[in-house]
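Going down the list, the protein sequences come from chains Y and W.
Sequential numbering of the first sequence, starting at 2, is according to the working numbering.
Sequential numbering of the second sequence, starting at 198, is according to the working numbering.
A portion of the hints provided could be inaccurate.
[To be verified] In silico lysine-lysine, DSS-like type, Cα no more than 25 Å apart, as pairs:
| no. | chain 1 | residue 1 | chain 2 | residue 2 |
| --- | --- | --- | --- | --- |
| 1 | Y | LYS154 | W | LYS504 |
| 2 | W | LYS522 | Y | LYS82 |
| 3 | Y | LYS72 | Y | LYS125 |
For the record, the hints were derived by calculation from the structure and aren't laboratory data.
Computed from a predicted model, the values in this text were never measured in an experiment.
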Amino acid sequence: MKLLVVEDEIDLLEVIRQSLEKESYLVETAGTYALALDKISAYEYDCILLDIMLPDGSGLDLLAELKQMNKSDNVIIISAKDALDDKIKGLDMGADDYLVKPFHIAELNARIKSVLRRKSLNGKNTIEHANLKMDLDERQVWIDGNELLLNRKEFDILSYLAVNKNRLVNKTALAEQVWGDYMDGADDYEFIYSQIKNLRKKLKENGAGIEVQAVYGIGYKLVVL
Amino acid sequence: MNLLNYTLKYLSIALLLVISIWAVLFYLNMIDEVQDSLDDGLENSKMLVIQRVEKDSGIITRSGFSEHNYEIKEIGERHGLKFKDRYRDTMMYTLNEKDLEPFRMLTTVFNQDNRYYEMKVVASTVEEDDLVRSLLYSLIWLYAAIIISFFVINHLLLRKIWTPFYQLLRRLKSFRLDKDQGIETTKTDVTEFKELNEAVNGLVEQSVNTYGSQKQFIENAAHELQTPLAISLNRLELLAENEGLTDQHLESIGLVIGTLQRLTRLNKSLLLLSKIENKQYGELALLSINTLVRSLISEYEDFAEMKSIRIQLEEEGQTSLAMNKDLAAILISNLLKNAITHNVNGGTVRILITENVLMISNTGAAASLDQEKIFKRFQKNSREQSSTGLGLAIVKAITDLYGFRVKYSYTDQHHIQINFK
Chain Y
2 MKLLVVEDEI
12 DLLEVIRQSL
22 EKESYLVETA
32 GTYALALDKI
42 SAYEYDCILL
52 DIMLPDGSGL
62 DLLAELKQMN
72 KSDNVIIISA
82 KDALDDKIKG
92 LDMGADDYLV
102 KPFHIAELNA
112 RIKSVLRRKS
122 LNGKNTIEHA
132 NLKMDLDERQ
142 VWIDGNELLL
152 NRKEFDILSY
162 LAVNKNRLVN
172 KTALAEQVWG
182 DYMDGADDYE
192 FIYSQIKNLR
202 KKLKENGAGI
212 EVQAVYGIGY
222 KLVVL
Chain W
198 MNLLNYTLKY
208 LSIALLLVIS
218 IWAVLFYLNM
228 IDEVQDSLDD
238 GLENSKMLVI
248 QRVEKDSGII
258 TRSGFSEHNY
268 EIKEIGERHG
278 LKFKDRYRDT
288 MMYTLNEKDL
298 EPFRMLTTVF
308 NQDNRYYEMK
318 VVASTVEEDD
328 LVRSLLYSLI
338 WLYAAIIISF
348 FVINHLLLRK
358 IWTPFYQLLR
368 RLKSFRLDKD
378 QGIETTKTDV
388 TEFKELNEAV
398 NGLVEQSVNT
408 YGSQKQFIEN
418 AAHELQTPLA
428 ISLNRLELLA
438 ENEGLTDQHL
448 ESIGLVIGTL
458 QRLTRLNKSL
468 LLLSKIENKQ
478 YGELALLSIN
488 TLVRSLISEY
498 EDFAEMKSIR
508 IQLEEEGQTS
518 LAMNKDLAAI
528 LISNLLKNAI
538 THNVNGGTVR
548 ILITENVLMI
558 SNTGAAASLD
568 QEKIFKRFQK
578 NSREQSSTGL
588 GLAIVKAITD
598 LYGFRVKYSY
608 TDQHHIQINF
618 K
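Put together the whole structure using the sequences plus the hints.
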């Protein structure tokens, strides 16, 4: 999988690149509009992360170029501006998603995977790890072909962790994903713990080949046993 | 007391003083003039009588106040030689008034055929008490006339002159720094008002500009912070994924991540506040507060459960209104979060919805909070590390934007009531 990250902040670009390389993607970067335009004209990318504010142009103009080349459907806009106008414009121009800085790495991962899954040939929105299989559209989980019944929150937690397999997921990222944005401010995310506990119990009882590990003080990680 | 009546008050006091002093002087002057002219008349009468006496000495015996205005009697030589003319006021009986009336009397001495005679000549003079009274009455009338005409002039002319001033005052009263761009002044020919208008315009323009740039600054600062925050958070998240970190390392990283997230929330809240104040949430939708509250309660269930807090919802009426969907959710979730966060273990949160009123009551600290302060920015309980101190400020900003009324009260629980009408 080949990804392009267009971002003028060198530090952020570097962090994003490092994180994506952990997922074994081939990552190319561009810090300016001109460089980005060169790259998108010359190469094909599976997913493009696009910052709107660039020193020598607007990311939205790049998006327009991509749309003309019919390549805009795999673009995720990353912006410091949580402006509704930009969001609507970006999505109207064919961008797949809009992510506001600062974001969690897990969140970025999840969004990229979602774009990539949609692009994949079979078009099926499924994840498979060991003997676990999840259908994200139908919201179903199977272990060794037997359906595992989970409540809404358990499913959301499991799918988010599964998308970020082997990656440390911050509990705030998890809370925002599962409980919604309104939960931010509830600094102590202890309430996640009871849901995780139930989820672990169900996975273990049904002999799942994966496990949800707690990472002390930070969050959780899904690992294949 | 307004300006017009204020000047009138001092003017009437000053006028009363001036008129009184003037009246005394005028009276004394007039009396002096009257006496002067009476004395001249008496002098003339004296000379006429003396002339006549020279021709006809019989007049002396025929004189007397019963028939004439003079009386003559003989006096001794010694007495007569050292006599000088003397004027004085006296009272005499008059037939027409049937009473004693004031008279001016000249007492003189003349020599006729080496015999000395004393002569008294009288003339009726003014009654001083009558004079004083009539003078007083006319002065009262004069005073009243001046005051009334001044009052009328004041209210017609001065009011007209002061119109630009009052218009400016009205505009200044309704001026809102966060709403109005400037102030409109009326053209005037009066130099002072012109200067006032210019000064006010300058001041308002400067304030509006300063306010605008301050607001812009907060917004820009918050925006500019987003990227460094993103970099630090993501770097820490990457760092935490390194193998071989001890629990202690992880805990430290977790704490820093937590602090950065608090900063992120603070930043987002500031951005949200300035967006609300800049009216950047346009899109309205008709939404049911009841439905929204129900769905948000289910979001917060886990959070409340952790503190063993029971959330009770009582719906006594339906409230639907046109407002921005995101802001409505932020408004109610901030209130809910507030009621859960500042609660005690095993406490309750009671939500009452009646027609156009939402009331959230919660158990908590057993003391009333300062209702002036709780909706202000950064007013927070120092024990609550996690709160940004902006939650209720955001609530206030949203209610202000839509013209809702929000009120805090305390009985045995803390209540926050929003009136949507």
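Of the numbered hints stated earlier in the document, which are not met by this structure? Hints that this structure does not satisfy do not exist here, as all of them hold.
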